[in-house]
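One line per chain: the protein sequences are A and B, in this order.
Using the working numbering, read the first sequence as starting at 2 and increasing by one per residue.
Using the working numbering, read the second sequence as starting at 2 and increasing by one per residue.
Among these hints, one or two may not hold up.
[Unchecked claim] Stretches of chain A that chain B covers, calculated by requiring three or more beta carbons in the stretch to come under 8 Å of a beta carbon on chain B:
| id | segment |
| --- | --- |
| 1 | 5 to 19 |
| 2 | 68 to 78 |
| 3 | 130 to 138 |
| 4 | 149 to 160 |
| 5 | 264 to 276 |
| 6 | 290 to 302 |
[Claimed, not checked] Straight line, CA to CA, 25 Å or less: simulated DSS-like cross-link-like pairs of lysine-lysine:
| id | chain 1 | residue 1 | chain 2 | residue 2 |
| --- | --- | --- | --- | --- |
| 7 | A | 152 | B | 256 |
| 8 | A | 152 | B | 184 |
| 9 | B | 242 | B | 229 |
| 10 | A | 139 | B | 7 |
| 11 | B | 152 | A | 29 |
| 12 | A | 184 | B | 183 |
| 13 | B | 184 | A | 183 |
| 14 | B | 184 | A | 256 |
FYI, nobody ran anything at the bench for these hints, they're computed from the structure.
As the structure is a prediction and not an experimental result, all values here were calculated from the model.
The C-beta atom is built at its ideal place from N, Cα and C for all residues, glycine as well.
There are 2 protein chains.
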Amino acid sequence: MPELRKDYILNRWVIIASERAQRPDQFKQELPTIKKQDNCPFCPGNEHLTPNEISRREKNGKWYLRVIPNKFAAVTSEGNGIIQTHNQFYTFGNAFGKHEIIVETADKTKQLWDLSAEQVTELFEVYNERITSLWKEKGINYAQVFKNHDKAAGTSIMHSHSQIIAYDLVPQAVQDEVAASKKFPSCPYCDIILKEKNSARRCFENKNCIAFTPYASRFPFEIWIFPKKHSTTLDTTENMKDLAELLLQALKKLKTIHAPYNYMLHYSPFQENLHCHIEVLPRLTTWAGFEYSGTIINPVSPEDAAKFYRGEK
Amino acid sequence: MPELRKDYILNRWVIIASERAQRPDQFKQELPTIKKQDNCPFCPGNEHLTPNEISRREKNGKWYLRVIPNKFAAVTSEGNGIIQTHNQFYTFGNAFGKHEIIVETADKTKQLWDLSAEQVTELFEVYNERITSLWKEKGINYAQVFKNHDKAAGTSIMHSHSQIIAYDLVPQAVQDEVAASKKFPSCPYCDIILKEKNSARRCFENKNCIAFTPYASRFPFEIWIFPKKHSTTLDTTENMKDLAELLLQALKKLKTIHAPYNYMLHYSPFQENLHCHIEVLPRLTTWAGFEYSGTIINPVSPEDAAKFYRGEK
Chain A
2 MPELRKDYIL NRWVIIASER AQRPDQFKQE LPTIKKQDNC PFCPGNEHLT PNEISRREKN
62 GKWYLRVIPN KFAAVTSEGN GIIQTHNQFY TFGNAFGKHE IIVETADKTK QLWDLSAEQV
122 TELFEVYNER ITSLWKEKGI NYAQVFKNHD KAAGTSIMHS HSQIIAYDLV PQAVQDEVAA
182 SKKFPSCPYC DIILKEKNSA RRCFENKNCI AFTPYASRFP FEIWIFPKKH STTLDTTENM
242 KDLAELLLQA LKKLKTIHAP YNYMLHYSPF QENLHCHIEV LPRLTTWAGF EYSGTIINPV
302 SPEDAAKFYR GEK
Chain B
2 MPELRKDYIL NRWVIIASER AQRPDQFKQE LPTIKKQDNC PFCPGNEHLT PNEISRREKN
62 GKWYLRVIPN KFAAVTSEGN GIIQTHNQFY TFGNAFGKHE IIVETADKTK QLWDLSAEQV
122 TELFEVYNER ITSLWKEKGI NYAQVFKNHD KAAGTSIMHS HSQIIAYDLV PQAVQDEVAA
182 SKKFPSCPYC DIILKEKNSA RRCFENKNCI AFTPYASRFP FEIWIFPKKH STTLDTTENM
242 KDLAELLLQA LKKLKTIHAP YNYMLHYSPF QENLHCHIEV LPRLTTWAGF EYSGTIINPV
302 SPEDAAKFYR GEK
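Next up, chain A with everything else stripped away, as it sits in the complex (with noise of 0.2 Å):
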């Protein structure tokens, strides 16, 4: 019988609908149809097609990881951040702040998936170099670091990146969960964390960090990453390895059946006590008409999905 769940704390609805389930080979994707670019404005030897480098990290004198501005920016630094209303109706502002893209790796052959636990740790490393910088641009308010792979992701580069929106606002999803964790006494997913990791919806864990795929999964395979020690940002080093390394394992399951995938890091505004995160959205699945409603329905429940990252089906 499909059942119907709220999210932990959020006021979100899924219907697990889990008879219509399918086993995880069958949600394999064909391989990637995105076709090769000739002149990849990501690759070595193209740095002149994205002018204005941010940051690079080299050895031996060539780059393997690159921070450049978005040529096709969603947000820029011209006007100013000021938002207005007319008519009650019509609020507006120019959308301000600032778009850059993480270039993973310098191999097009490679995905995040194919990288070592030391580089995608040192992606995080750079992550929080770049929330930390942003941050104290005057009129950003958040820095939303998130990674698009594949076609049904919402890429069109399959060279490996991750981007940052830097702007004047606080993502919803974000403003949400801080919202509701302030209806709580203390943090409530560190209270989730502990339950988590004795349910059947526990995937992996390492010493500073726990993977789970969350109980109200909106999407087949949604996994989320924590660090388990109440943390509003990606602050110390060990976090950072622990959460690349449980990461880079959920990607390598995602990887056996070619899972298009977006990411995203949700850490604590501002004066908030946000528990930082990542939430993990397989994108195998295509949301219709009731999603956009507002009621999801997910066909892979939270508890399969996590024997799937276990190994175990």
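Here the structure of chain A is known, so what remains is to put chain B in place on it, guided by the hints.
Below, chain B without anything else, positioned relative to chain A:
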């Protein structure tokens, strides 16, 4: 410069990044690639594949519109709709309700946009009949009518059909609209209609209804259709006829670019006063990580989209 816009009354933010914009014909999709089913369960002659027919409309002894239960129901009338919470974080119930399919035509070679205004009006009459009937059933709080056209809009069956999921929740999007409407002394949508009637976003209107592209459109070519006079449901024959006419006019434009789309009917929940309307969401782009954190990027401004609907572009 990209513009940040808020929905008329909801706390929903969109970046209109039309500098990335394309002309409407650049969004033109391939023709549907869903393979034809040899044994299409919605075709005449295969009625035995879908037992327990709910209703039909016939002419000369042959049906031309048929309501049947969804064989792969997301909600079921087994069990009960009781929702429980364990451990303060786990809230669940069985997904209680009824899930129905409306086969819109017996002719599998026709899509909704190929039908006549009379046929679409009749479809609205059937929506209204089913809502009225389902609403009376014990435990049902809302009957969400929606349509998914083509694979990118979340369906795998091309034989033209709509769906209804009647369940014990009110969809979050409808709840949000109700709550936001209550903050105004009178229906805000009645005012919005008057403003949009004279805006660059007006697409078309007839005696009783109006179609416009919303100020903070989330999707390229998103279009909303409202009865001009405040109505909480699809109440009158005139409204249904005029809504159907404008919907068809919009869909015929979407046909020119083979657009996959969803639409949802938002009527007012019991004892509320929401202005009934239809939201049409063309699915020409893919939401990515940033959108799933809550800020949506739309590469087509609603002003440009309105030109497309008015045939000026």
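Okay, the hints, checked on the actual structure:
1. Given a C-beta distance limit of less than 8 Å, the hint that chain B covers the segment 5 to 19 of chain A holds, as 11 residues qualify and 3 suffice.
2. Only residues whose beta carbon comes within less than 8 Å of a beta carbon in chain B count, and the segment 68 to 78 of chain A has 5; three or more means the coverage holds.
3. Against chain B, the segment 130 to 138 of chain A contributes 0 residues with a C-beta closer than 8 Å to a partner C-beta. That does not satisfy the three-residue criterion, and the hint is violated.
4. Look at the segment 149 to 160 of chain A against chain B: 6 of its residues bring a Cβ nearer than 8 Å to a Cβ of that chain, three or more, so the hint holds.
5. Coverage of a stretch by a chain is defined here by at least three residues with a beta carbon nearer than 8 Å to that chain's beta carbons; for the segment 264 to 276 of chain A and chain B the count is 3, and the condition holds.
6. Under a criterion of three residues with beta carbons nearer than 8 Å to beta carbons of chain B, the stated coverage of the segment 290 to 302 of chain A is upheld, 8 such residues being counted.
7. The hinted pair formed by residue 152(A) and residue 256(B) meets the criterion: a straight-line CA distance of about 23 Å does not exceed 25 Å.
8. At most 25 Å may separate the alpha-carbon atoms for a hinted pair to count; residue 152(A) and residue 184(B) exceed this at roughly 40 Å.
9. Between residue 242(B) and residue 229(B) the alpha-carbon distance is near 13 Å, which keeps this suggested pair within the 25 Å criterion.
10. This hinted pair checks out: residue 139(A) and residue 7(B) have alpha carbons roughly 22 Å apart, not beyond 25 Å.
11. Taking the CA atoms of residue 152(B) and residue 29(A), the gap is near 17 Å; set against the 25 Å cutoff, the hint holds.
12. For the suggested pair residue 184(A) and residue 183(B), the alpha carbons sit about 24 Å apart, so the restraint of at most 25 Å is met.
13. The straight-line distance between the Cα atoms of residue 184(B) and residue 183(A) is roughly 24 Å, inside the 25 Å bound, and the hint therefore holds.
14. The hinted pair formed by residue 184(B) and residue 256(A) fails the criterion: a straight-line CA distance of about 48 Å is larger than 25 Å.
In summary, the structure is inconsistent with hints 3, 8 and 14 from the numbered list given earlier, while agreeing with the others.
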